[in-house]
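With these hints in hand, go ahead and build the complete structure from the sequences.
Now for the letters of each chain:
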Amino acid sequence: MLAALDQLAIQRAKTGDLEALEQLYRAYEGLVYTLARRLCRTEEDAEDVLQETFLEVCRSIGRFRGAEQASLTAWIKRVAASKALMRLRSDRYREADSLEDGPELTNPREPDVALQMDLETALARLPERSRIVVWLHDVEGYTHEDIAELMGMTVSFSKSQLARAHARLRRWLRR
Amino acid sequence: MSGIHCSMEDLLAIRDGQGSAAARRHLETCAECREEYELLHQRIAALKALPSFSPPRDRWPAVKEALVAERRRRKFLGWFSLAAAASVAIFLALRFAAPATEGEALDQVTLEELVTQSQMLEEALRSFDPTSRVLSGRAAGAIADLEDQIALLDAQLAEAQAGRVDPSIVRELWAERVRLLDALVRVHATRAAYVGL
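As they're listed, the protein sequences go chains A and B. Going by the numbering used here, 25 is the number at position 25 of the first sequence; the sequence numbering is gapless. For the numbering used here, count along the second sequence from 1 and bump the result up by 1000.
No wet-lab data here; the hints were simulated from the structure. Worth double-checking, as some hints may not be accurate.
[As the list claims (entries may be wrong)] With a straight-line Cα cutoff of 35 angstroms, these simulated DSBU-like cross-link-like pairs (lysine-lysine) come out:
| # | chain 1 | residue 1 | chain 2 | residue 2 |
| --- | --- | --- | --- | --- |
| 1 | A | Lys-77 | A | Lys-159 |
| 2 | B | Lys-1064 | B | Lys-1048 |
| 3 | A | Lys-14 | B | Lys-1075 |
| 4 | B | Lys-1064 | A | Lys-77 |
| 5 | A | Lys-14 | B | Lys-1048 |
| 6 | B | Lys-1075 | B | Lys-1064 |
| 7 | B | Lys-1064 | A | Lys-14 |
| 8 | A | Lys-14 | A | Lys-77 |
| 9 | B | Lys-1048 | A | Lys-77 |
| 10 | A | Lys-77 | B | Lys-1075 |
| 11 | B | Lys-1048 | A | Lys-159 |
Put into structure tokens, the structure is as follows:
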């Protein structure tokens, strides 16, 4: 649950006031860390993304034009997603990811009895890019155009990744 | 639509309000596809309901420390530039406000002329917009070298004036500054004429 920040606190944070910036951090650390955990592979990476995100937010909040918490939330999430994806774009991840995006499913509606699992496990088992697209689209509400821009891929690739991810989840979850 | 039933792409497109008319029509009449569509909604609802995480360690102290260090660096650089400019101004004000001998008066005039020349050259430099034209590697190198020398000289000038050194040394430093600024203006003027051809 996101802690409420009043406009005065946002304005103070914009002036660089350290107490207000800490208030901002406390209000958003859970949300940013959760997003980072869903996009990154490890807890350590997610923690680093949390730190990098807030350094960027604290440096740039003076230039942030919005005054409402909703637009601030969207901006902070965007910074966090961008930091996480930057980390994932490194060679070590790209190489690993290309190996795990398995073959097409013949019949996605047919449950895989041997692999039945809970949602958390199934989500973690998805290939990196599929998992990121599912999370950004279905949970965070990003459009395929947003995702394509953030991840540096085409809109149709984002759509196909989402469909493949849901087909897999459908089989593994039997629902 | 692919085959008899809606594909996952079709269902996702319908969910996003972008499905084809054929897929929508099929969904209305096919119980199996409607069930798939309902499962899709349930999956998405379950994804949204997954628990959030709390960071295992407090990262604010590290963020704050980095911010404070950055601010300290910026402040130091700001004060250094300000101090250099202020010490030059104070020196000139004190130097010309004080009673002077005949010999010193000559020095004052010379120093004043040098300062005026320096100001005129800086005004001339401002007329060259560094972002508007492409620099050759050689011109960029020459400009960077001269700017470095001027920055070093400004630091020496500020130090000399703060330390109450012989006015003739200060005058020599100003003369050197005028020479460097003049060279810098010439490089910019040549580059502007060359690019403008």
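Next on the checklist: Need the status of pair Lys-1048 (chain B), Lys-159 (chain A): alpha-carbon distance at most 35 angstroms?
Outcome noted: holds, 19 angstroms
Item to check | Satisfaction of hint between Lys-77 (chain A) and Lys-1048 (chain B), Cα-Cα up to 35 angstroms | outcome: At roughly 16 angstroms apart (the allowed maximum being 35 angstroms), Lys-77 (chain A) and Lys-1048 (chain B) satisfy the hint.
Checklist entry - Holds or violated: are the alpha carbons of Lys-1064 (chain B) and Lys-1048 (chain B) at most 35 angstroms from each other? => result Distance of about 32 angstroms is within 35 angstroms: holds.
Checklist entry - Does Lys-1075 (chain B) pair with Lys-1064 (chain B) here, judged by a C-alpha cut-off of 35 angstroms? => result Between Lys-1075 (chain B) and Lys-1064 (chain B) the Cα gap is close to 16 angstroms, so the pair holds against 35 angstroms.
Next on the checklist: Between the alpha carbons of Lys-14 (chain A) and Lys-1075 (chain B), is the straight-line distance 35 angstroms or under?
Outcome noted: holds, 18 angstroms
Checklist entry - Is the hinted pair Lys-14 (chain A) and Lys-77 (chain A) satisfied, with a Cα-Cα distance of at most 35 angstroms? => result Since the Cα atoms of Lys-14 (chain A) and Lys-77 (chain A) sit roughly 17 angstroms apart, the hinted pair holds (cutoff 35 angstroms).
Checklist entry - Has the given pair, Lys-77 (chain A) with Lys-159 (chain A), been kept, meaning a C-alpha gap of at most 35 angstroms? => result holds, 21 angstroms
Checklist entry - Is Lys-1064 (chain B) close enough to Lys-77 (chain A), meaning Cα to Cα at most 35 angstroms? => result holds, 20 angstroms
Checklist entry - When you check the alpha-carbon spacing of Lys-77 (chain A) and Lys-1075 (chain B), does it fall within 35 angstroms? => result It holds: about 30 angstroms lies between the C-alpha atoms, which stays within 35 angstroms.
Checklist entry - For the pair supplied as a hint, Lys-14 (chain A) and Lys-1048 (chain B), is the alpha-carbon distance within the 35 angstroms limit? => result holds, 31 angstroms
Checklist entry - Does the structure keep Lys-1064 (chain B) and Lys-14 (chain A) at a Cα separation of 35 angstroms or less? => result Holds, at about 15 angstroms.
Violated hints: none; the structure is consistent with every hint.
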